[in-house]
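Asks: Sequence:
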Amino acid sequence: MKLRKLFSMFLFVTMLGGLLTGCAQKADDTDAKPTGVTETEGTKTDDAVTEDTGNDTQASGTVRIMMNVTGGKDEAEMKLFQQALSDATGLDVQIEKPASDYTTILMQKLNGGEKYDLIYIGAGDYMNLIGQDALLDITDRVKASEILTNNIDASEWVDITVDGKVYAGFNKKEVHRVVALNNVMLKNAGIDYKTITPTLDGYYDVFKKLKEASTDNEFYPLNAVMADAWDLQPWMAAVGMKSGVVIDADGKKYAPYSTDEAAPVWEWFKKLYDEKLLDPGAFVDKSNDMRSKMSAASMKTAVTVDWAAWVGLHNANALAGNVTSEAYEVVSLPGVQTPDGSYMLCKGGASLFGVPANATNVDGAIKILEYFATQEGGELLSVGIKDNDYTVDGGKYVLTETGKAHANDHGAPFPIKKDFEHPIGYNPGVEEAVSYGEYATIDLSIPNEGDYKATVGKWGIQIVKGEVPVLEGLEGMRNELVALGVTDK
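Per the working numbering, residue 1 is the first one in the sequence shown, and the count goes up by one each step.
Hints were generated in silico from the structure; no laboratory data involved.
Some hints here could point you the wrong way.
What the hints assert, rightly or not - Straight-line Cα separation of at most 20 Å, EDC-like style, residue types lysine to aspartate or glutamate; simulated pairs:
#, residue 1, residue 2
1, 165, 137
2, 453, 274
3, 465, 275
4, 211, 153
5, 211, 274
6, 347, 153
7, 300, 218
8, 386, 401
9, 252, 488
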C-alpha cells in the first residue's frame with residue numbers, strides 16, 4: 001500500500017510538472033519580501049491588488065459552503081465575508097459556520113443527505129470521508145485549471161494525493177509548530193534565547209532560571225497539551241522519535257512515542273512536573289487554554305509549542321492591546337537537537353475544502369478554490385474584508401482597529417498561493433518562526449488519529465504524574481494502540 005501510494009504521488013507530480021513546464025510562471029521570489037515590522041501599513045500598489053484574480057472555471061449560481069475557522073469572526077462579519085466572496089467570484093455564496101462542535105454537526109448533516117458544494121475538513125476527516133466515498137474526485141479538474149496548478153506548489157498537492165487522486169482544494173498553506181518563548185521573561189532571567197543549549201538539560205536549566213526569576217506562585221515555565229499529545233515533537237527530537245504513526249521497513253505501523261527509546265523524554269517531563277516546572281494544567285488544558293496562559297494578558301507560562309503563526313498572533317494581539325514589545329515579545333526556536341545534530345518539527349496536516357460527492361454546483365466549488373489560490377483571495381483569507389479590516393490609502397493598506405484585533409487571520413495566515421505578497425507584512429516574529437521550516441515534516445494521515453492522540457495522551461499523563469513506571473506505561477500505551485487498530489506493534 002505504501003509503495004502504491006508513493007508511486008501514485010510520483011505520477012501526480014509528473015503530471016503537474018508537465019502542466020507547469022508548458023505555462024509561464026511568475027518569479028517565486030516574494031516569500032522573503034514581507035518583514036512583518038508593521039501592524040498598520042503595507043506598500044503594495046493598487047495595480048498589484050487586481051493582478052491574477054481571474055478564474056479559469058466558468059461558473060454561476062449558488063455555492064453552499066460549510067465552514068470552520070475560516071471567514072468572519074462573528075455572525076455580522078461572516079455576512080460581510082460571504083458578500084465579499086460572492087462579489088469577487090460572481091457567485092451566490094451561502095456559508096454556514098456552526099458556533100461549536102463543527103465536526104459533529106458536519107457529519108450529522110452529511111449523513112442526513114444535506115447537500116453542500118464545499119466543506120471545511122482537516123487531514124483526518126479527509127481520509128475518513130474518502131474511505132466512505134463521500135468526496136468527489138476532482139483530480140481532472142485540478143489538472144485542467146491553470147490557477148490551481150500554477151499558483152500552488154506541486155508538493156502541496158502531493159501531500160493530499162491518495163492513490164493518485166485528490167478530493168479537495170486548499171484553505172491555506174500549512175506551516176509548522178515551533179517552540180515559542182516569552183523573550184521579556186527570558187531577559188528578566190538573564191537568558192539570551194539565541195544561546196540556549198538545544199538539549200533537554202539546556203532547556204531544563206532555562207526553566208529553572210525562569211521559575212526562580214518569577215514572583216508569581218501560579219507561574220509555570222512550560223505548558224503543553226498532554227491530553228492530546230500535542231505537540232511534543234521538539235522535545236522528542238532528543239531521541240530522534242517522530243510524532244504520530246510511522247511505517248517500518250516491514251510495512252508495519254508503530255508509534256515512536258510509545259517505544260522504550262522514547263523513555264528518556266517521558267522521564268524528562270516527569271522531572272519537570274516533579275519540580276513544578278511543568279504546568280499541572282497541561283494534563284487537562286486544550287490549545288486555547290495554553291495560548292491564554294502564554295498571552296500578554298496572562299503570562300502564566302513562558303514556553304509552549306505552537307504554530308509558527310501563533311508566535312505572530314501573540315505579538316499582534318499584544319500590540320492591539322497597547323502592550324509594547326518592551327513589555328511582551330514572543331520569539332521562537334526549533335527545540336532540541338536530534339542525535340545527529342538536526343531538529344524535528346511537525347508540519348500541519350492539510351486544512352482543506354473538500355467537494356462532497358453529492359455537490360450540486362461543482363463548477364462553482366472549483367471557482368471558489370481557484371479564488372482562494374489567487375492574490376486577491378489570499379488577502380481576503382488573511383488581511384480580511386476591505387473597509388472592515390483595512391482601507392487602502394494611496395496604494396498602502398492600513399489596518400482598521402478591527403483589523404488589528406483580527407491580526408491578519410481570517411482562516412489563512414499563510415495563503416496557499418505560492419508567491420503571495422502580503423500587503424501588510426506578516427505579524428512580528430513570524431518570519432523567524434517560518435525560517436525553521438526545513439526541519440518540519442508532515443505526519444502520516446490515519447483515519448483513527450483521535451484514538452492515537454487519546455491513548456498516547458492518557459498513558460503519557462500517567463507516566464509524567466508518576467502513577468505508572470515509565471517502561472510499564474509505554475508497554476501499556478503500545479498494547480492499547482494495537483488493540484484499537486492504530487498500530488501493528
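Asks: Next step is simple, just say for each hint if it's right about the structure.
Replies: Outcome of the hint check:
1. Between residue 165 and residue 137, the direct Cα distance comes to roughly 6 Å. Compliance with the 20 Å bound is thereby established for this hinted pair.
2. Between the alpha carbons of residue 453 and residue 274 the distance comes to roughly 24 Å, so the proposed pair goes past 20 Å and is violated.
3. Proposed proximity of residue 465 and residue 275 is supported: the alpha carbons are some 12 Å apart, at most 20 Å.
4. Note on residue 211 and residue 153: the hinted pairing is violated, with a Cα-Cα distance of about 44 Å set against a maximum of 20 Å.
5. A C-alpha spacing of about 13 Å is found between residue 211 and residue 274, which places the hinted pair at or below 20 Å, so the restraint holds.
6. Under the criterion of a C-alpha separation no larger than 20 Å, the hint pairing residue 347 with residue 153 is consistent with the structure, at around 15 Å.
7. Taken as a hint, the residue 300 and residue 218 pair is honoured in the structure, with Cα atoms around 7 Å apart against an allowance of 20 Å.
8. For the hint pairing residue 386 with residue 401, the CA-to-CA distance comes to about 13 Å; that is within 20 Å, so the pair holds.
9. Taking the CA atoms of residue 252 and residue 488, the gap is near 6 Å; set against the 20 Å cutoff, the hint holds.
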